[in-house]
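There are 2 protein chains.
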Amino acid sequence: MNYLELIENKLKTYFPQGKEKDSLIEKVLIDSMEYSLEAGGKRIRPTLTLMFSEVCGGTVEQALPFACGIEMIHTYSLIHDDLPCMDDDDLRRGKPSNHKVYGEDIALLAGDALLTNAFATVLSEETVSLVGGEKSAKCGRILATLSGMTGMVGGQVIDLQSEGKKVPIDTIRQMHLKKTSALIKCACMMGAIVGSNNEEHIKIAETYGENLGLAFQIMDDILDVVSDEKSLGKPIGSDAENEKSTFVTLLGLDKCYELVNEYTEKAIKSLDGINGDTSQLKALAVKMSERKN
Amino acid sequence: MNYLELIENKLKTYFPQGKEKDSLIEKVLIDSMEYSLEAGGKRIRPTLTLMFSEVCGGTVEQALPFACGIEMIHTYSLIHDDLPCMDDDDLRRGKPSNHKVYGEDIALLAGDALLTNAFATVLSEETVSLVGGEKSAKCGRILATLSGMTGMVGGQVIDLQSEGKKVPIDTIRQMHLKKTSALIKCACMMGAIVGSNNEEHIKIAETYGENLGLAFQIMDDILDVVSDEKSLGKPIGSDAENEKSTFVTLLGLDKCYELVNEYTEKAIKSLDGINGDTSQLKALAVKMSERKN
Numbered sequence: 001m002n003y004l005e006l007i008e009n010k011l012k013t014y015f016p017q018g019k020e021k022d023s024l025i026e027k028v029l030i031d032s033m034e035y036s037l038e039a040g041g042k043r044i045r046p047t048l049t050l051m052f053s054e055v056c057g058g059t060v061e062q063a064l065p066f067a068c069g070i071e072m073i074h075t076y077s078l079i080h081d082d083l084p085c086m087d088d089d090d091l092r093r094g095k096p097s098n099h100k101v102y103g104e105d106i107a108l109l110a111g112d113a114l115l116t117n118a119f120a121t122v123l124s125e126e127t128v129s130l131v132g133g134e135k136s137a138k139c140g141r142i143l144a145t146l147s148g149m150t151g152m153v154g155g156q157v158i159d160l161q162s163e164g165k166k167v168p169i170d171t172i173r174q175m176h177l178k179k180t181s182a183l184i185k186c187a188c189m190m191g192a193i194v195g196s197n198n199e200e201h202i203k204i205a206e207t208y209g210e211n212l213g214l215a216f217q218i219m220d221d222i223l224d225v226v227s228d229e230k231s232l233g234k235p236i237g238s239d240a241e242n243e244k245s246t247f248v249t250l251l252g253l254d255k256c257y258e259l260v261n262e263y264t265e266k267a268i269k270s271l272d273g274i275n276g277d278t279s280q281l282k283a284l285a286v287k288m289s290e291r292k293n
Numbered sequence: 001m002n003y004l005e006l007i008e009n010k011l012k013t014y015f016p017q018g019k020e021k022d023s024l025i026e027k028v029l030i031d032s033m034e035y036s037l038e039a040g041g042k043r044i045r046p047t048l049t050l051m052f053s054e055v056c057g058g059t060v061e062q063a064l065p066f067a068c069g070i071e072m073i074h075t076y077s078l079i080h081d082d083l084p085c086m087d088d089d090d091l092r093r094g095k096p097s098n099h100k101v102y103g104e105d106i107a108l109l110a111g112d113a114l115l116t117n118a119f120a121t122v123l124s125e126e127t128v129s130l131v132g133g134e135k136s137a138k139c140g141r142i143l144a145t146l147s148g149m150t151g152m153v154g155g156q157v158i159d160l161q162s163e164g165k166k167v168p169i170d171t172i173r174q175m176h177l178k179k180t181s182a183l184i185k186c187a188c189m190m191g192a193i194v195g196s197n198n199e200e201h202i203k204i205a206e207t208y209g210e211n212l213g214l215a216f217q218i219m220d221d222i223l224d225v226v227s228d229e230k231s232l233g234k235p236i237g238s239d240a241e242n243e244k245s246t247f248v249t250l251l252g253l254d255k256c257y258e259l260v261n262e263y264t265e266k267a268i269k270s271l272d273g274i275n276g277d278t279s280q281l282k283a284l285a286v287k288m289s290e291r292k293n
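Chains as they are written, first to last, in my numbering: chain Z, 1 to 293; chain G, 1 to 293.
One should not assume that every hint holds.
Identical copies go unnamed one by one, so any copy, or any two together, can satisfy a pair.
[As the list claims (entries may be wrong)] Keeping only pairs whose Cα atoms sit at most 27 Å apart, straight-line, the calculated DSSO-like set for lysine-lysine is: (1) K95 x K255; (2) K269 x K10; (3) K255 x K165; (4) K244 x K100; (5) K95 x K292; (6) K165 x K21; (7) K21 x K166; (8) K282 x K19; (9) K95 x K244; (10) K19 x K292; (11) K282 x K266; (12) K95 x K166; (13) K244 x K27; (14) K21 x K95; (15) K244 x K10.
Derived from the structure by calculation, the hints contain no laboratory data.
Next up, chain Z with everything else stripped away, as it sits in the complex:
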């Protein structure tokens, strides 16, 4: 099985299925969580966790719970981000967003439950028996720190505060580092912790993830201008519509393509310190920098 199939299959195991699910009065909550989780996406974050575990000497099996945990965090953030009181987006990955299908109340709670379930997954008895309590707790701590108030959620707040204003490039950079890079960095770092728990490996994972995240987010801003709704699976031009300052509005497209290449090269270069086969991680960074959606 390839990484993607492994992730898809493992994700399903963390939710009540069949009779167990049907017997729950709150069944609709599980349906709502699965709806967004199964809406696909590129599964970049969990793939990074698996790849980093392998290049650092661990196995894919050991890294899978952490890969699933980070995808749950990413998915919850999308559900909450789409809510009317946030970006108010009706479409996500070409499908109606969670609250358009299940209502705002269930969507809010599905996000809360996915966020919570990420930690149940990373700290489960199965996970602890695979990697030990120390690594499990360490990954959980990094996941909470990088996705919380001074990480991803903090980045969301900077994003909200920047709407309709002309903000300096440093603020945009802070926002990207927190809103996007933090979680991508976390995915890489958890893989390194599972694989070797070697401080040098963790540091490399951090540098790779941070730069990949910056390249990824600037590409997102570029695609919001140059792509079309069908390729992107969501409305384009939403940044302009929301009067958002982005790297593109502040620096122009040419400079942004340059920056994407620069950050991608930095990410790739950082892998030199790892003694394993890092070709897949390099290829992934390149692929991300050339994506069309």
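Please arrange chain G on chain Z, whose structure you already have, making use of the hints.
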């Protein structure tokens, strides 16, 4: 210092303060989290964690991070519960609810960040050095399981689905067990894990917490009918207004007072299996059953 002071003081340490806070672009997020966390309340859950740690042979110091973690979870659930797409409550503990002060977007994110920060707290390096990685991960797992999709959040969904309908008493009981008892039970169980990690103690903590939680929630339903807005710090009669079936609407006040006593006695009786001084836990159960707000 008494339990309450210890909890209040420790809670503050988990948030950026002074210059560190002021330098954050997302400072308003921290303000919003602290606004709801400092709004007080009775701190019943964290107090239970401290008490159970002590009666099981642990210290208050070891239990404090877990006490703070559970209060963060409780507080996030109140912020999200008050949002317009949920209960749409303007008042909480006699003060404007979070979204009335900070707006819906920041309130949503403050809830997300408090939920996330609970796990950063329970899994922090300081916590692990106090109790070890195994207990830290085990508490985190129980916290995630009991507050998530088949625990507290599941209970919220049952609550939503029950609005404006006549629902059977069994559904209401399921709702209370998940929405209220699960987190109170969790507070007790984490204390027992920190104190001794003895399976019998954990089982007792579970039974005590579950019954205390049921008594607590039925008392809440009673107070919604018999109290006044000033004592309660929130609008009364909201259950009737929302056409909610409650223990009171289904069984009447007299039967409900009986049930509160019954569950309180069960909680107290369960403590017989612990060889320490359980007088404070017994007094707390009695006090809860006699509360006026």
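Structure-based check of each hint:
1. In this assembly of identical chains, the alpha carbons of K95 and K255 never lie at most 27 Å apart, being 32 Å within a copy and 49 Å across copies at closest.
2. Taking the shortest Cα distances, K269 and K10 never come within 27 Å of each other, neither inside one copy (32 Å) nor across copies (43 Å).
3. Within a single copy, K255 and K165 get their C-alpha atoms as close as 21 Å, which meets the 27 Å cut-off; across copies the closest is 59 Å, which misses it.
4. For the homomeric pair K244 and K100, the shortest alpha-carbon distances inside one copy (24 Å) and between copies (25 Å) are both at most 27 Å.
5. Taking the shortest alpha-carbon separations for K95 and K292, only the intra-copy value of 18 Å comes in at or below 27 Å, while the best inter-copy value is 49 Å.
6. Taking identical chains as interchangeable, the C-alpha atoms of K165 and K21 lie at most 27 Å apart only when they sit on different chains, with a minimum of 22 Å there against 46 Å within one chain.
7. When the C-alpha separation of K21 and K166 is checked against a cutoff of 27 Å, the pair qualifies only between copies, where the shortest distance is 23 Å, while the shortest distance within a copy is 48 Å.
8. In the homo-oligomer, the alpha carbons of K282 and K19 never lie at most 27 Å apart, since the shortest distance is 44 Å inside one protomer and 40 Å across protomers.
9. For the identical chains of this complex, K95 and K244 are intra-copy neighbours only, at 24 Å inside a copy versus 34 Å across copies, given an alpha-carbon limit of 27 Å.
10. Neither within a single protomer nor between protomers do K19 and K292 lie at most 27 Å apart by alpha-carbon distance, with minima of 41 Å and 42 Å respectively.
11. Taking the shortest alpha-carbon separations for K282 and K266, only the intra-copy value of 11 Å comes in at or below 27 Å, while the best inter-copy value is 61 Å.
12. When the C-alpha separation of K95 and K166 is checked against a cutoff of 27 Å, the pair qualifies neither within a copy, at 32 Å, nor between copies, at 34 Å.
13. In this assembly of identical chains, the alpha carbons of K244 and K27 lie at most 27 Å apart only when taken from different copies (20 Å versus 38 Å within one copy).
14. For a Cα distance limit of 27 Å, the shortest separation of K21 from K95 inside one copy, 24 Å, qualifies, whereas the shortest one across copies, 39 Å, does not.
15. Taking CA atoms no more than 27 Å apart as the test, K244 paired with K10 passes in neither setting, with 37 Å inside one copy and 39 Å between copies.
Of the hints listed earlier, those the structure fails to meet are numbers 1, 2, 8, 10, 12 and 15, in rising order.
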